[in-house]
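Enquirer: With the hints as a guide, dock the two chains, each given alone in a separate frame, to form the complex.
Spelled out, the chains give:
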Amino acid sequence: MTSAAEFTGVTQSYGDTVAVENLNLEIEEGKLTTLLGPSGCGKTTTLRMLAGYITPSAGTITINGADATRLPPEKRNLGMVFQSYALFPHLTVADNVGFGLKLRKVPTDKRRELVMANLDLVGLAHLADRKPKALSGGQQQRVALARAIAISPSLLLLDEPLSNLDARLRVQMRSEIRRIQGETGLTVVLVTHDQEEALEMSDTMVVMRAGKVMQTGAPATVFTAPANRFVADFLGYENFLSQSDGSLLTVRPEHLRVSAAGLEPSTAGLTVSAVVRESVYRGVDHIVTMTAADATGTPITLVSTTRRDTLTADAGFLPGDLVVAQARDHEIVRLSADN
Amino acid sequence: MKGRPILGTLAVLGYVIMIVPILFVVSTAFTAGDALTFPPQGVSLRWFGEALAYQPFVGALLSSLQLAVVSTALALLLGVPVTLAIQRGKIPGKSLVEGLFLSPLVVPELVVGLALYQQIMIGLHQTSFVALLVGHTVLLLPYAVRVTGASLALADPAVEEAARGLGASPLRTFFSVTLPLLRPGIFSAGLLSFVTSFNNVPLSLLLQSRQFRTLPVTMLDYVQQSYDPMIAAMSTLILAGTVVIAIVAEKTLGFAKIFGGINK
Ligand SMILES: Nc1ncnc2c1ncn2[C@@H]1O[C@H](COP(=O)(O)OP(=O)(O)O)[C@@H](O)[C@H]1O
Ligand SMILES: [Mg+2]
Chain A
1 MTSAAEFTGV
11 TQSYGDTVAV
21 ENLNLEIEEG
31 KLTTLLGPSG
41 CGKTTTLRML
51 AGYITPSAGT
61 ITINGADATR
71 LPPEKRNLGM
81 VFQSYALFPH
91 LTVADNVGFG
101 LKLRKVPTDK
111 RRELVMANLD
121 LVGLAHLADR
131 KPKALSGGQQ
141 QRVALARAIA
151 ISPSLLLLDE
161 PLSNLDARLR
171 VQMRSEIRRI
181 QGETGLTVVL
191 VTHDQEEALE
201 MSDTMVVMRA
211 GKVMQTGAPA
221 TVFTAPANRF
231 VADFLGYENF
241 LSQSDGSLLT
251 VRPEHLRVSA
261 AGLEPSTAGL
271 TVSAVVRESV
281 YRGVDHIVTM
291 TAADATGTPI
301 TLVSTTRRDT
311 LTADAGFLPG
321 DLVVAQARDH
331 EIVRLSADN
Chain B
1001 MKGRPILGTL
1011 AVLGYVIMIV
1021 PILFVVSTAF
1031 TAGDALTFPP
1041 QGVSLRWFGE
1051 ALAYQPFVGA
1061 LLSSLQLAVV
1071 STALALLLGV
1081 PVTLAIQRGK
1091 IPGKSLVEGL
1101 FLSPLVVPEL
1111 VVGLALYQQI
1121 MIGLHQTSFV
1131 ALLVGHTVLL
1141 LPYAVRVTGA
1151 SLALADPAVE
1161 EAARGLGASP
1171 LRTFFSVTLP
1181 LLRPGIFSAG
1191 LLSFVTSFNN
1201 VPLSLLLQSR
1211 QFRTLPVTML
1221 DYVQQSYDPM
1231 IAAMSTLILA
1241 GTVVIAIVAE
1251 KTLGFAKIFG
1261 GINK
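Going down the list, the sequences are from chains A and B. Under the numbering used here, the letters of the first sequence match residues 1 to 339, in that order. Under the numbering used here, the letters of the second sequence match residues 1001 to 1264, in that order.
Be aware that a few hints might be false.
Said to hold, decoys possible - Dumping the calculated DSSO-like pairs for lysine-lysine here, alpha-carbon to alpha-carbon at most 27 angstroms:
1. A/K105 <-> A/K131
2. B/K1090 <-> A/K75
3. A/K133 <-> B/K1251
4. B/K1251 <-> A/K131
Stated by the list, open to error - If you anchor each label on the Cβ, the simulated ranges turn out as follows:
5. A/K212 <-> B/G1089: 25 to 35 angstroms
6. A/K212 <-> B/I1247: 36 to 46 angstroms
7. B/L1114 <-> A/G15: 38 to 48 angstroms
8. B/P1180 <-> A/A117: 46 to 56 angstroms
What the hints assert, rightly or not - Chain B is faced by these chain A residues, among others (derived, beta-carbon under 10 angstroms):
9. F82
10. F99
11. L127
12. A148
13. Y281
14. V284
In short, the hints are calculated from the structure, not lab data. In this text, a Cβ means the ideal position worked out from N, Cα and C, and glycines have one as well.
The shape of chain B in the complex, shown without the other chains (with noise of 0.2 angstroms):
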């Protein structure tokens, strides 16, 4: 930072910016009080209490694991070996495939979201947690192609090569070796898309249902009714959930790794 004063202002700025109005969201989570003010009256866990007995807030936390785990299981699914055809296979137009699975990333979410809801709920009958797995699944695909292919293309091509060279099958070879190695990876594009499909509001908004609504959603409802510190509480559970993911990325893997896959 040092000479360079303007970059080093902005930087403290940026922090200010976006530490300042979590710090106000976790103190008041832990009020005694009624209001949602600041600073808060008093403390105690009073509001977690509720959080966590609140039956929509509850249903919604388990429908978003829900959807979180098994998009992200889909994702991984697809696009580890779009991946592998992409980096390693001999196949023409590569940079056309990569550009079909990087797509989700510029295709404003509320179009995708509407298109699903034609297609899929209303065309299909189908129920919106398959319309939101579809559109989820969709979504973390970028993610999973971009960090596992990242993770890929530091490995050496020869080490799969030796594993042919000393009689494994390329299926063989491909369980045996290519996915040891790209498990730091899978690992990583893993934990990303959970947190993307966690947090996403966009498509969950357009796709919800009675029966099945996440938990972003559900507070945003929560908010528009009723202005409490309840909100507070189950924001900062959430933040915790996600700090915990973030320190057990960042202690297998290290952030610069897992961020430089999306920003290569």
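The shape of chain A in the complex, shown without the other chains (with noise of 0.2 angstroms):
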């Protein structure tokens, strides 16, 4: 594989807090890799240093296979789209997808075909003499989008784009990049804390948590084999049960089914009795919410929330009732101890 980008045990700290700890990361070329994680594990910091808005503490960034640390953002020739959108609010969408042509002295009439071919890209090609004022939300992402691909950047850094639109639109600017980045076979590094948004758009995802890397891998592989209690519970697998040999098993809610005691099928695989503490009606399904005890002992919460088969009031469970909450073999994910 040939890397676009490279991170080499770089660290970034803020006085006592350690944004980003001896971080090792390639960015592989013409794909796109999303940095998932929560709120304050580091991934603006590390879109940022690349980005060459932060000079790391320690370590290294290349680009292209060149030293990239100390270098300033305006050498780098990246498209960076920002949270808040930061389009230049006194030039019109044409003047602000030309903004970086200008600099590279691009002539007028180039420029105006590059301009207006980047708007076509993001379907804005109608606002091209607005000022951002004048557009909605969904819109000044597209051209702030435009704007950082007209320069083609050797990668296109995207910081949590889709979170400030609703949730409508969300879903089809997912794959309106996708589209975007497949016409223009841009690397793109993509910053978001929605595992559904990773999940559909990555080639690659790195899962962060409290500036270090937790996880790297195509989502398949992440979604079906998650590294680690923490990248599982933040890919929704909600049941954790120590086993006696001292490694950890997890289910997901929606692979967890529950039958009354004494009336469970018998299947190879998991099989625990739980007590019902709360079942909600959802209509294709229901949240049922148990109290059981793992192998060793502790007592755990289990949540299942498995579809019906066909359309019923009925709410399933009550308070109280015995149940027996069980999961096939390929179902269950194992994951070792330690973390």
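Expert: Written out as structure tokens, the structure reads:
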């Protein structure tokens, strides 16, 4: 694999806070890499170090094989889309998109042509003469994207680009960004705290926690084989059962089936007796929250959201019901205990 | 005001106390008679003509305008970079620097004036214009720093970062992004500075000379010798100029924005 950028032993601290600690990361060329993790885990800091807005306290960053650790942002040729869009309020949409081209002394005709081509790419050519204030949030976002792409950057950096959009637009922009990435062949680094967004958009996911990388891999790999409890938890695994051999089993709530005690089918896999604490009707499924004990005798909470095959008004269980929770072998993920 | 009778009464009282003397001055300026009395006798523009023909007033008006324009320009030239350094720079002891530039607000002007008199006029043998220019510039700096600072604080730093990312050097970023973003703030700081300089008495009184005397000082002088409607006419003209400036400011920016900058 060719890497478009590489972090080697990169640390960034603010006083006592270590925002990013000993980060080693390769960004593969032509691929979309997401940095995924909860708020405050160091995603923005990582992106801003790559863009040159922050100089790492230690370590090196290379871009296209050349050391860029201390290079100022204007010398990196990267396209960055900020969470706040950061459009130039005093310039028209076209002049926003043409800003970087003007600095590169692209002649006026050619510039106009490139500006329109990039606005076309995001479907906003008809708004070229508006000021940013006259655009909706989603449109401003697209202008910011066109502005960043117009300079033919070696990497496109997106910091939570979708978090300020409403839910429907957000889902639409996911495939839009994917399409643009496919058409341009750009290397993209995207920061998000939304696991669904990361799963849907990434070629490679980098899951971070407290300034450290927890797991790197293709979405399907990370989703089906989370490396540790943190990653599993972040990706929506909710049932964690310690085993007597020291390992930890985890099952997604949608894979845990609940039957009344004594009526459970006999399947190979996991079978745990539990007491229902709460059952919430949600139409296609219901959330059953149970109390059980794992193999070490520690009390745990189990959550099941098994989808029903038929429409029913039956809420399923009542608090206090004795039940059995089950999962099949291929629905169980075994984590090593030390994390 | 409803349900707050005391506050309401105080507000009305405040306006009355402010406006009644102004109305008195303005109306006497239009008198046709010779004395500064109320009510005015008849209506004419006679005293406006006399005020504008009175050489000391005209000369002083030009001096005041010259001083206000140049000191405002200097205060902005110094104040804007200082604001940027305070808010965007990575300098240690930012609050100390900020305090230094805001201190003219609390140091009595008479003290500043005396110091400048001794140092610049006596010590360095400079003209009173130079001394006044230094004095007024120092006096205006807090306004320049505060008002432009308030408008910079409202600007998203990411906009400047975006310019850098697109290939603009720090200097280029300043001229093509930061300065346009700050333009409304600089404009209001300029207006405020201009008015402050134009109306200043203490510094101008201390540092005046026969060659250079500002309008408020000249008018003060005049009142001590003669008391006629010409002074009311001149005051009314100044008031009209101030009102025009205020309207321009309100139309372009809104008062809340301008004065919000100072109280922040
Ligand atoms: N300029 C700064 N000064 C001090 N601490 C900061 C600064 N920027 C970020 N941090 C801290 O560094 C950590 C990582 O922040 P950030 O990279 O913004 O996280 P994320 O983008 O994942 O939410 C947080 O604990 C944050 O409080
Ligand atoms: Mg962030």
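Enquirer: If a hint holds in the structure, say so; if it does not, say that too.
Expert: Do the hints match the structure? See the list:
The suggested pairing of A/K105 with A/K131 holds, with an alpha-carbon distance near 23 angstroms, which does not exceed 27 angstroms. Between B/K1090 and A/K75 the alpha-carbon distance is near 21 angstroms, which keeps this suggested pair within the 27 angstroms criterion. Straight-line distance between C-alpha atoms of A/K133 and B/K1251 comes to about 19 angstroms, which keeps the hinted pair within the 27 angstroms bound. Using a Cα cut-off of 27 angstroms, the hinted pair B/K1251 and A/K131 holds, with the two alpha carbons roughly 21 angstroms apart.
At about 32 angstroms, the beta-carbon gap between A/K212 and B/G1089 stays in the expected band of 25 to 35 angstroms. For the hinted restraint 36 to 46 angstroms between A/K212 and B/I1247, the CB-CB distance of approximately 60 angstroms leaves it violated. Roughly 45 angstroms separates the CB atoms of B/L1114 and A/G15, a value that falls within the hinted 38 to 48 angstroms. For B/P1180 paired with A/A117, a C-beta distance near 26 angstroms fails the hint of 46 to 56 angstroms.
Evaluation of the A/F82 hint against chain B yields a held restraint, the C-beta minimum of about 4 angstroms falling below 10 angstroms. At about 5 angstroms, the closest approach between the beta carbon of A/F99 and any beta carbon in chain B falls short of 10 angstroms, and the interface hint on this residue holds. At a threshold of 10 angstroms, the smallest CB-CB gap from A/L127 to chain B is about 19 angstroms, leaving the interface hint violated. With 10 angstroms as the threshold, the beta carbon of A/A148 comes within range of chain B, its nearest partner Cβ sitting at about 8 angstroms, so the hint holds.
Hint on A/Y281 is violated. Least Cβ distance to chain B is approximately 45 angstroms, over the 10 angstroms limit. Taking 10 angstroms as the C-beta contact cut-off toward chain B, the hint placing A/V284 at the interface is violated, the least distance being around 42 angstroms.
Consistency note: the structure conflicts with the earlier hints numbered 6, 8, 11, 13, 14.
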